[in-house]
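Using the supplied hints, reconstruct the complex from the two chains, each of which is provided in its own coordinate frame.
So you can see what is in the structure, the chains are spelled out below.
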Amino acid sequence: MRLYNVVRYVALAILINSVFMLISALISAFNSESSFIPLLYSALITVLFGVFPLIFVPPTQEISNKEGLLIVVLSWFLSFLAGTLPYVLYGGPFTFTNAWFESVSGYTTTGSSILAEIEVLPLGLLFWRASTHWIGGIGIIIFVLAVLPFIGLAEVVLFRSELSNMVRENFRKRAGTAIRILAGVYIGLTLAETILLYVFGMSLFDAVTHSFATIATGGFSTKNSSIAWFKSPAIEWIITIFMFLSGIHFALLFTVVSGNLREFWRSSVVRFYSLAMVGGILLTAYSLKVNGIAEWTTAFRLAALNLVSVGTSTGFASADTAVWPGLPQLLIIYFMLQGACAGSTTGGMKSDRVLLLIKSFGQQLRRLMYPNAVIQVYMDKSSVRDDIVANAVQYIGFYLFIVFSGTLLEILTGLTLVEAFSGTVATLGGVGPGLGSIGSMGNFSAVSAIGKWIFSILMIIGRLEIFAFFIFFHPKQWSKKLTY
Amino acid sequence: MGLRLKMLSGFLILTVMLFLAGLWSVYELNYLSTSVQDILDENYESIEAAKLMNEALEREDSAVLILMLGRSHEGRKILHVADSTFTDRLNFAYSNITIPGEKESLDLIRERYNHYKQLWGRPVADTEREGNVDWYFNQVHNSFLAVKESVNLLINLNDRTMYDTASRLKEKARSAMMPGLTALIAALVFTFLFNYLIHVFIIDPILLITDRVKKFREKGLPYDVKINSKDEIFYLSGAVEELCYIAELDRTSK
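Quick mapping for you: the protein sequence lines, in order, are chains E and U. According to our numbering, the stretch in the first sequence is residues 1 to 484, in order. According to our numbering, the stretch in the second sequence is residues 485 to 738, in order.
Certain hints may be false.
Using 30 Å as the maximum straight-line C-alpha spacing, the simulated DSS-like pairs for lysine-lysine come out as follows [said to hold, decoys possible]:
1. U:698 / U:738
2. U:714 / U:699
3. E:223 / U:656
4. U:710 / E:66
5. U:632 / U:535
6. E:231 / E:289
7. U:710 / U:698
8. U:632 / U:601
9. U:632 / U:561
10. E:66 / U:490
11. U:703 / U:535
12. U:535 / E:66
13. U:710 / U:738
14. U:714 / U:490
15. U:654 / E:223
Computed footprint of chain U on chain E; a stretch qualifies when at least three of its residues, placed anywhere within it, have a C-beta under 8 Å from a C-beta of chain U [to be verified]:
16. 273–286
17. 321–333
Derived by calculation from the structure, the hints in this document are not laboratory data. All of these numbers come straight from a predicted model, not from anything done at the bench. C-beta atoms are modelled at their ideal positions from N, C-alpha and C, and glycine is treated no differently.
Chain U on its own, in the form it takes in the complex (with noise of 0.2 Å):
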């Protein structure tokens, strides 16, 4: 193999190696963002909606309490605007399943709901609920704290998943990380050998030529260098050879 392909040899296991590392960083780091709009289009909005569910909920007990006072009017307006808020904000997270057990635990807030929904939805001003505290304990509040923690349970669900998911991304970027170091590592090792594989096959045998051809010239020692490689260099030491054969013989001549 000439000495023009070896050398090319060398700066293209360089660039090949270097290539591949990027094109895997850029993949890993490709599925890193992608990873990180998973965790908001998944966990993210369904835990905000799940915030706003709880909040709702608060309202809604607010308003029964307020009910419960006698003041209808006020008690049902909270109520009809804290009631579309959970609505809409369920709707949304039933638009947003993408975990395993979300379905589950949003049909759980549904069911629960729609029976506390039922106890405040009748008239509660002006009948025997009207300031009746057991009704409310026995009751209201229990069913209102069965929504909340089946809301909870919603919460905990997307919580874990977006910590997983986040540890699955600390291993990623450490995956990400990884390919470019070996490349880094394997380059630089990679370029000691090329280095010592020049000097060892290209620039020692033309230091030796060049030296025989020296002590030649000026104290007529032979030429005798020996090249086991069949490149450029060995066909320069043969030509240097043949050239210092004829330049003897012209001086053995003389």
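Bound conformation, chain E alone (with noise of 0.2 Å):
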């Protein structure tokens, strides 16, 4: 392995965290914040870092599929890390633990924070808090290739260990194009909203940030009650669409830009996501009605941004989730799990495995009542290998292993049982708020250094899909001695 193509990747990862620093330190200049020199300082740092390893390693157009994991993983890492010092730096509520976790939940697209006093943050911050969503919404490995288009093979290499197994599986399009068509639906999407924001009362930094957070399905609020702040129903709904939008495979948004609507309404995947939401917001919504909590019209929009929210990941709320009735709590916690679709920005096992376990335990009960036919699982009119079959359900019992186990420790740790659960299936699926005190109008500003810690290791397994997050860390990954 040459560990120096390795650093050369890292570092323009690395640069572009810079871009974002010096635009919000930019931001706290022009508002004469006190953030300003920490944010300066954060830019100038991870410039310095990102620059050098440019002016001594050439580019390359080979990168092995070890040097891509190594590359992505450590993209990550040193990302979060960049990320804790315009908070460290800046002091206030940020010890190194809760910058550490506010920089991974922000990059993570998790949303989960330990601010109580959000509002009092200087804009420079928050606008920076709003940037770590974007930039780890589309990875940052996406990113660097976006604006890198010279790189020919590395971006398969990268594309691999980047997405999950499944959005490989049904991604046709050669990675090269598939990044920039990823890129520009992201961006796209950001801008789309943004103006629609502003458009219907959102001051333009709340517009930009909020579209940061909802495009990378993040939740970063710069409000201490969220969305439910603006007490504005238009935003509601422009907030829930987006989110919902986030939710998709970006390819498939990218048919529909192209005109290509039968394509889209094809995917399986799709109809499944869509119709598991549309079920959960029509029984939630009656649930809030005949418990009196709202009327009609206000539950089911209430019901749309918050369910939509958790089944994206974003983590938005309208209203206090947390003293909802029973069964919108199940919901809750059944879409946090579940998660959207593949090849998006969002968290969780996601639909696609979903699906694919409802399929084939349909195959399962075939194969019983018929022992000797050949009988497959099939997505989209096209058969599905046995090995992806079996790989969706492994994911599956391993993550609700990770679940259980994460419950455990953070029971440890001193949370309640429902806390503990529900803070664990919400970072690692990358949702953000639980329920209980770290709830959708609550945070984790009072949970304990280990388990602030512990949550934000889930949020990290989440984001790298677990099994890539095991292998960089399996010793046999990395047992050859290392070559340059």
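Following this line, the structure appears as structure tokens:
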């Protein structure tokens, strides 16, 4: 393995962070805020680290699989570290643990926060917080590749490591083209949402930061009471629609933009995801109405935003879901686990895998009924290989195992069962808020330092699609002597 | 980019990192020293003035009791000195208003003190007030306690502000430490990175060229070194390759 190639591409990822730090510093300077120097200093440090390897290491077209994995994982970890700099240097509520938690939560687009008072933070720091979502949303590596089109083969390897197996399986486009499509859709959606939010009454700053958080399915708001602060049904519906769109495979969204609606509706995953969401929203709205929490129109709006928010692992809120009746809370937990479609920036198990699990159950039933028949699982009228089905089922099994292990560890740190379980599901799935004190109107400030570290590890495991995380830390992966 | 520039950029980056950290630390330390002076100016002196006011009040209270015992001369003498002290410290506190609510607090002290002063300003000895314990407890002592309470309010206000400022100072001390600590860690990591890149792109190629030249000279093996960077090492390798080619031609012609 050529470590210097890894250094070059990781440096590029860090350089992208520094650009956003610089923009945040400018916002701070414009508003004469105390966060200007911390942001500027962080930007300079990251620029220096980002530029220096580029001076030494020439660009390359050939990147091996191991190098690709190392680039992806190191880019994440070093971005987390770089992301803590503005927080730690600013001080206030940010101890190193808190800064790390906020940074990891931002980059992994989780949206869990340790901040009890968000609105007292300087605008520059709030912009940086939202930027970590946007950078992390599409993945630092894809970002790097989008601005560096000269990389040829490297794209394929990096892309393989960045996105889940499911995406690889159903993504028929060439990786280079795919990355350009993803970036295009991502930027396009962000711009469209920013304009709409601005038109419907948000300030430009809030519109940009909330768009960053929506499209990245992150959930960091600039307000303590999240979307509820704006008291605007129009804004709530815009955010709900964009959250829903951000949960769909970006390449499929591109087919819609290209005018190919048929291919979009042919996707069984999109149909499953949409129907599940609609069903969940209707049930939640019904429950809110019959329990006297809201009238039909309000109940429907509240159910749509809050359920789509957890179902796409965004984490915005327009109501305190911790005080909702049992049925909506159960649905929230289900959608936290399920997540949206692969190929988006959402977390969770992903609808694709859940659909495969359901289909494989049907396959098993038919196999038991007709032992001699050759029975395959079909998705979108094409058969799915058995190893892919097995992979999805194993993933779900392992996912649940991590949920229970995480819950156990968090209970040991002093959280209640509901908080530990919902917190684990929320951080592993990149959702953000859980239930109880860490619910949609709460925060993670009261969680112990150990608890915060466990949650942040869960966020990383979830973001790296579990297997990539464990492959990276498997000793045999790096057993061969490194060669330069 | 040439080797000289590459090396220089490394050292420059290190210097810039440390310079920026130093600059920021100086700024934070300067802020710290200013804040310490602010505490002294804004709060400590006001607290000292309030304490002297309290002391003067106590003496005035004793003087009133002396007056009630019929010893007018001694009592008035003590009252005169204590009143001067009180008024002087009150005026000083007025000239040192630095925190919100301090003026209102001083106004209250003045108002209550004027009322208190009115009570003992009138003759006491040889009047119905001499030895009148009821007058003392119902009017003088209550007024004395009211003035004292308002002086204590001023002390508390300044105490609280001093605590807040000290807490901010603690936070600032952390802030002053962070740039230095960050620069230290960054410089350390950067040194490792710099060292690694120098080894890979300068030391290792030189060793490789030396090894290949040695093998060419001793075993006649061909000189096959590929240098990707377009710097002095690349030109050096090219020149050595040319030299080996000439030497090879010379050897075969002999």
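For each hint, the structure was consulted:
Of the pairs offered as hints, the one joining residue 698 of chain U and residue 738 of chain U holds, with about 21 Å between alpha carbons and a cut-off of 30 Å not exceeded. Straight-line distance between C-alpha atoms of residue 714 of chain U and residue 699 of chain U comes to about 25 Å, which keeps the hinted pair within the 30 Å bound. Straight-line distance between C-alpha atoms of residue 223 of chain E and residue 656 of chain U comes to about 26 Å, which keeps the hinted pair within the 30 Å bound. A threshold of 30 Å between alpha carbons decides the hint, and for residue 710 of chain U with residue 66 of chain E the separation of about 24 Å falls inside it, so the pair holds.
Between residue 632 of chain U and residue 535 of chain U the CA atoms are separated by roughly 10 Å; this keeps the pair inside 30 Å, and the hint holds. Between residue 231 of chain E and residue 289 of chain E, the direct Cα distance comes to roughly 20 Å. Compliance with the 30 Å bound is thereby established for this hinted pair. Between residue 710 of chain U and residue 698 of chain U the CA atoms are separated by roughly 16 Å; this keeps the pair inside 30 Å, and the hint holds. For the proposed pair residue 632 of chain U and residue 601 of chain U, the alpha carbon gap of about 13 Å is at most 30 Å, so the pair holds.
With a CA separation close to 21 Å, the supplied pair residue 632 of chain U and residue 561 of chain U stays within the 30 Å bound. Restraint check: the Cα-Cα separation between residue 66 of chain E and residue 490 of chain U comes to about 28 Å, which is no more than 30 Å; the hinted pair holds. Our distance criterion of 30 Å between C-alpha atoms is broken by residue 703 of chain U and residue 535 of chain U, whose separation comes to about 96 Å. Straight-line distance between C-alpha atoms of residue 535 of chain U and residue 66 of chain E comes to about 73 Å, which puts the hinted pair past the 30 Å bound.
In summary, the hint linking residue 710 of chain U to residue 738 of chain U is supported, as the alpha carbons are separated by about 29 Å, within the 30 Å threshold. Restraint check for residue 714 of chain U and residue 490 of chain U: the C-alpha separation of about 12 Å stays at or below 30 Å, so the hint holds. Distance restraint check for residue 654 of chain U and residue 223 of chain E: the Cα-Cα separation of roughly 28 Å lies within the 30 Å cut-off, and the hinted pair is therefore satisfied. Here the region 273–286 of chain E counts 0 residues with a CB under 8 Å from a CB of chain U, which misses the bar of 3, and the coverage is violated.
Coverage of the region 321–333 of chain E by chain U is violated. Counting CB-CB distances below 8 Å, 0 residues qualify, and the rule asks for three or more.
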